[in-house]
Amino acid sequence: MSFAVNMLTRSLNVFHLGGSACNNCDIEIIDTLTPRYDLERFGITLVGSVRHADVLLITGIFNKKSAIRLKRVYQEAAKPVLVIAIGACACTGNMFQKSYNWNVSVDKYIPVDAYLPGCPPKPEAMIMAMVKLVKKLRGAK
Amino acid sequence: MSKTTIIPIGPYHPLQEEPEFFKLHVEGEKVVGLDIELGYNHRGIEKLSELKTFEQTVFLVERICGICSTSHPLACVQAVEDAGGVEVPERALYIRSVIGELERLHSHMLWLGLAGHFLGFNTVWMWAWRYREPILELFELITGNRNHYGMMKPGGVRRDISVEDIPAIQKTLDGLKGPICLFRDAVTDDPLIRARLEGVGTLTKQQAIDYCAVGPTARASGVAKDVRKDHPHLAYGRVDFKIITGKNGDVFDKAIVRILETLESIKIIEQCLEVLKTLPGPVDSNPKEIMAGEGIGTYEAPRGEVIHYICSDGGNRPLRHKIRAPSFMNVPTNQTTVIGQSVADATIILAAVDPCYCCTERMAALDAGSGRRILSSAELIRLSQAKTAKLKKEMGVEGPRLKI
Ligand code: SF4
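Residue numbers (my numbering), protein chains in the order written: chain A, 1 to 141; chain B, 1 to 404.
Derived by calculation from the structure, the hints in this document are not laboratory data.
One or more of the hints may lead you astray.
[Unchecked claim] Derived DEER-like restraints, expressed as beta-carbon distance ranges:
| hint | chain 1 | residue 1 | chain 2 | residue 2 | range |
| --- | --- | --- | --- | --- | --- |
| 1 | A | 38 | B | 195 | 25 to 35 Å |
| 2 | A | 118 | B | 279 | 32 to 42 Å |
| 3 | A | 111 | B | 279 | 49 to 59 Å |
| 4 | A | 71 | B | 191 | 45 to 55 Å |
| 5 | B | 165 | A | 98 | 35 to 45 Å |
| 6 | B | 198 | A | 98 | 46 to 56 Å |
| 7 | A | 75 | B | 85 | 47 to 57 Å |
| 8 | B | 277 | A | 41 | 14 to 24 Å |
| 9 | A | 128 | B | 282 | 33 to 43 Å |
| 10 | B | 120 | A | 75 | 30 to 40 Å |
[Claimed, not checked] Straight-line distance between alpha carbons at most 30 Å, and here's what the computed BS3-like set of lysine-lysine pairs gives:
| hint | chain 1 | residue 1 | chain 2 | residue 2 |
| --- | --- | --- | --- | --- |
| 11 | B | 47 | A | 71 |
| 12 | A | 71 | B | 23 |
| 13 | B | 277 | A | 98 |
| 14 | B | 52 | A | 98 |
Cβ coordinates follow ideal geometry from the N, Cα and C atoms, glycine included.
Chain B extracted, bound-state conformation (with noise of 0.2 Å):
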């Protein structure tokens, strides 16, 4: 029997931005086991999100991740308009468009400049950064801010796009073309590059399906899915793209699922901006209240479907808030791709999914490997059950509630 290693990778590693600690169990080169321990990120959200006003809770929904930091206010939004019936005017529709896609496109560059790091080339992540900052202050001149734009409300947005403004915004999309076509092409024929991503942390179809991957990760797997165009929401019904599918579902097909994707964004930012030229009308209807009632609204973020749940009582606050982000759906699926790979491809297939802790961390308990498994909520009820009994016993108290 060969003797299995554990190289830990974090909680604090240089080669992470955020806390999460992995377990590599690796037998000499090969890995054959991951542990993922989350935890170092949770800040209880979704209980904060109960003690604030439907206004500001998209203030802190914006903070959950400063990378999607539009998706989730996006989708926020959508679940208190839908809880309430609200009306959102036709132009703030467009604004929201361009907003989501301007953060798609500068989350891709993100993605692509970190994986050229995690792959000790550290030329792409210089020129990929370099081309995003464009794309941030395209940020600040929209919103006023680079990270953190606060643009969106329940009723509409917070702020227009002048029309002055379009052409200088179309001139740093057309300034971005040529880059992303270059790494486009400089990703398709550096046969290094293709040495080291092709057939490496492969995700196969069914896979895909059965861990409910979403976003690149599950596109790059040949599902094609895609909250755009499955439930055409805001603009995206009215504007023409594409859904990128990539067939191998290995970490090259998810580099080139997401820059092409960046292509497709400039493609339905310039279409929304074309309409914004002419269409009339205020950006927010101003609600005045928000109705009792139910509403699930969803957004197609960066890294996939994410999920928010609001249940409003007709109060100014949320009854409860729930939220659901793509990379806890995207992060389990390293447990069957990074399996059988070699230590030094570990990195890459790890950071291929994207990860986003910041995001993940409501509640979840993570346990890989042989004779571990992932606990359902169904589980984790049955263990708080357990639990509390054991506790009852141990105080010697009956009954349902506890006296201390």
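Chain A on its own, in the form it takes in the complex (with noise of 0.2 Å):
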């Protein structure tokens, strides 16, 4: 395992994304840091500002006006940095696919490392998510 990885996957910083979500997601995802899940047991917190972030979390669908701060974003996060599309609306559309202010997918701006669907996925399924995503860059087979 290269320093990087050992670094990266020990203690992750998550910094939020929202695009033009329906909140959904983006409450489950606080939901993960509350008592009930308390995802802060494992290291892993939300921070505030992307240049701290080691996972990016894309929720909802990116809009013309919303599209190009997603870029601005990512571009601005120190790399090697994970990207975590949450939800059907981040993974494909969703419903907004036909609306006239629906780009392109997340994919097509930024590279996605993971996709969650769900609308919106339970908080169990996001934990699960993160474990996976560790797992495989640490080489767990």
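The task is to assemble the complex, starting from two chains supplied on their own in separate frames and drawing on the hints.
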């Protein structure tokens, strides 16, 4: 395991980037931090600045206005950074694909490492996604 | 002359869950102006709705907002029923009220937690969200989903509340009363919370009326507006509950109004459950067609009155679907409440209306502060006409149609 992977996967600093979401995915993300699920036990915390982030959580579709910002925010992040698309909106565009304000899916703008479908995914699913991603990075087969 | 500095908050800011952009104009510590820039969340839902059948539309409007994910469908199905002359069985009305009130419960708890977070009082945040979790479990029990319940449909509800589940629901509600009373006492007794909230971000009664504020934002200023009482629909005409109002319209009153409302919600749910134990009947009238016509549906969402307008031509899709969400009325009140306050208080004031931008972003142009104005629809039309005229001149085209 390389030094970078070791550092990256030890205590994840998560930055949450909500696009044009309906809020539910965002709330379920926050929910994982509150006492019932309490992700902070594992050293996973939400951070205030994208420059501190190891993981970007993307929720919602990105419309013509926010898509430009998505790219900017990704460029500002210190690499390597993991990107998880949370919810059907971020993965595929959900039922907004025919909207005049929908551009293209998130992965056309920035590379996405994991897709987590669901509308919204349950907190358990989010935790599982994190675990799977970390395991994969560490090379556990 | 003192110098004005602009503090940008957003569009992606750790304080906010949603992208929205506030520009705080400050002189030293004092806020002197506020610009609100929206548009990061516009998804074109009204237009999309015209592509969907009436049944599908309900799922679409559910995804306007995750927190009021039953208020929008409720208003929407009522508009469809109003337009198409659809009957709703009585049992369905009670079930709709139960779901609506459960949603108010979880939404107010959520706000209380976030408010605590904005104040830097994370203990409140954690506790409020901890007690919100059982409500989500109730939703999972009744509807199968934690969020986005998918319960409403034109003509009734999709799932019944079975009589065997009622004791479990009642038990959870009983378990919630203690913590809510605890929150109520903690907020009213704690001198620190009072010091942070009292007299902060005041919206006077007259201002609330002038801005057409709705929901708890208006009620905290003493305007007793509540769709549930003003136009008793669903089961609200048949249950006993109070409208909670405040006096001062500051953030403290807004918090108290919300906390006391959750207790009223529990009261409503209990009365509905009592009726549901014995009330027989189907929960869905299965309408075969929606007649041509226009309809309006309103519901008192946790943040205030939401209005849906549906125009049907007798087909299976809406011809026009118009949505007005409560935050659309409440967010502009920030322009008065935040002026003259300190920067440190700005976050809680902005959050005190419980803004919901995914709801609000239909189509609006906002512009705050000196020499700035809020564009009315008439002005928007005028602007668009002026632009069309300009374009025509530039392209050298005359007549009503542009040839490209
Ligand atoms: S995936 Fe569903 S819950 Fe998540 S933002 Fe989209 S509509 Fe909302």
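Hints, verified against the model:
no.: 1; hint: 38(A) to 195(B): 25 to 35 Å; in the structure: 30 Å, holds
no.: 2; hint: 118(A) to 279(B): 32 to 42 Å; in the structure: 35 Å, holds
no.: 3; hint: 111(A) to 279(B): 49 to 59 Å; in the structure: 55 Å, holds
no.: 4; hint: 71(A) to 191(B): 45 to 55 Å; in the structure: 47 Å, holds
no.: 5; hint: 165(B) to 98(A): 35 to 45 Å; in the structure: 38 Å, holds
no.: 6; hint: 198(B) to 98(A): 46 to 56 Å; in the structure: 49 Å, holds
no.: 7; hint: 75(A) to 85(B): 47 to 57 Å; in the structure: 55 Å, holds
no.: 8; hint: 277(B) to 41(A): 14 to 24 Å; in the structure: 42 Å, violated
no.: 9; hint: 128(A) to 282(B): 33 to 43 Å; in the structure: 39 Å, holds
no.: 10; hint: 120(B) to 75(A): 30 to 40 Å; in the structure: 31 Å, holds
no.: 11; hint: 47(B) to 71(A); in the structure: 27 Å, holds
no.: 12; hint: 71(A) to 23(B); in the structure: 22 Å, holds
no.: 13; hint: 277(B) to 98(A); in the structure: 44 Å, violated
no.: 14; hint: 52(B) to 98(A); in the structure: 11 Å, holds
Checked against the numbered hints above, the structure breaks hints 8 and 13 and satisfies the rest.
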